[in-house]
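> As you go down the protein sequences, you meet chains A and B in turn. Residues 229 to 477 (the working numbering) make up the first sequence, in order. Residues 20 to 141 (the working numbering) make up the second sequence, in order.
Because the hints were derived from the structure by calculation, they are not lab data. It is possible that some hints are incorrect.
Claimed, not checked - Simulated crosslink set (DSS-like; lysine-lysine; CA at most 25 Å straight-line): (1) A:Lys354 to B:Lys57; (2) A:Lys358 to A:Lys348; (3) A:Lys352 to B:Lys132; (4) A:Lys354 to B:Lys58; (5) A:Lys233 to A:Lys453.
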Amino acid sequence: MNHIKELLYKMADDLLILGHRNSEWTGLGPILEEDIAFSSMAQDKIGQSQTLFQLLHDLGEQEPDTVAFTRNANQFHNAIITELPNMDYAFSIMRHFLYDTADQLRFDMLANSSYEPLAKVARKVKGELKYHVFHANTWVKKLGNATEESHARMQTALNEIWDDALGLFEESTFEEQLIKEGVFVGEVELKNRWLAIISPILSDSMLTIPHESTWKPNIGGRVGKHTEHLQPLLDEMSEVFKIDPTAEW
Amino acid sequence: MIKSLDPRVTREQIDIDNQIAPLKDLDQWETYEVFHQKKRGDQHMHVGIVHAPNAEMALLFGKEQFGRRGVSVNIWVVRTADVFTSDYDDSDIFETVPEKQYREAAGYKVMEKINKYKKQNK
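Could you build the full structure based on these sequences and the hints that come with them?
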């Protein structure tokens with residue numbers, strides 16, 4: 229079962245950490261309508277992570293709240309891209325676009341997983357993910373094609389975050405087993421499909437992916453190697469929980 | 020580079036001596052009227068307004084502002100400027116002269132007939 233737990237942990241941690249990061253925009257979004265939409269999607273992500281933590285609990289791991297709020301940074305399996313602090317809105321939108329497209333594809337593939345509980349979750353979150361990607365695509369196209377400044381900020385964000393985005397597809401030591409048992413088709417396949425989807429959207433938005441010869445996937449997140457940005461996020465996220473871990477909410 | 024995203028730290032430069040200065044271009048987007056449909060076949064109902072730079076984004080925002088509680092199956096957005104409206108000065112066009120009871124349902128004395136019919140068929 230370790231291969232399935234590892235897969236669930238990385239997915240749940242990605243969603244929890246990015247959900248928290250995105251929620252930092254609440255009240256500070258560029259306009260009211262977008263503030264509400266972005267915050268609402270952040271809540272979707274936390275909810276999805278909770279569902280996956282519940283699957284882990286069913287496999288013998290601790291309660292979802294315990295797992296979410298009491299681990300240290302080196303026990304988290306999220307990709308580096310999800311923990312980076314928000315810069316300007318272009319950065320957050322670009323991350324949202326790159327991550328959510330990968331997330332939607334991953335869940336799409338898992339809808340046919342041989343591990344039925346996960347396949348069920350994948351089918352349940354389909355609608356939320358569809359909206360997230362629709363939201364991301366709309367913003368990327370709009371900002372990429374709007375003014376010189378918006379285009380420049382989006383291109384800068386893409387350049388800065390590209391290697392971190394590639395880190396989403398860090399391969400697991402269980403890769404072969406997951407593929408063989410039909411649980412998941414694997415990170416390489418996921419990355420290839422992801423590239424095929426994001427490339428035309430970026431080029432429609434006048435944005436250029438860095439040249440392949442320069443790619444250096446920023447990996448390590450899946451095995452607990454994180455940047456200095458993760459621990460402060462965890463401290464803030466668990467601040468209230470830690471006042472009284474036994475409280476009923 | 021922006022120092023902070025917090026509006027309490029990074030303030031918009033507003034001339035306080037001239038608080039009603041016209042907004043700069045792109046300062047406010049135009050508005051779209053949002054209509055949602057609760058289930059297929061129902062009529063679309065007007066539910067509110069969103070700011071958006073184009074129709075696609077209005078749809079994006081309309082869904083989240085008014086459809087996120089899961090009671091919609093479909094949504095329409097219409098540029099507010101494209102809605103042709105009557106004038107409030109012309110509200111009197113809705114007033115009718117009272118002496119036209121024959122046009123109103125109340126003008127038909129049917130209740131008596133209905134009651135009589137009911138009585139007969141008891």
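> The structure should be examined with respect to each hint, and the outcome stated for every one.
Verification of the supplied hints:
1. A:Lys354 to B:Lys57: At roughly 20 Å apart (the allowed maximum being 25 Å), B:Lys57 and A:Lys354 satisfy the hint.
2. A:Lys358 to A:Lys348: It holds: about 16 Å lies between the C-alpha atoms, which stays within 25 Å.
3. A:Lys352 to B:Lys132: violated, 57 Å
4. A:Lys354 to B:Lys58: Distance ~20 Å between A:Lys354 and B:Lys58 Cα, so the pair holds.
5. A:Lys233 to A:Lys453: holds, 18 Å
In the structure shown, a violation is registered for the earlier hint numbered 3 alone.
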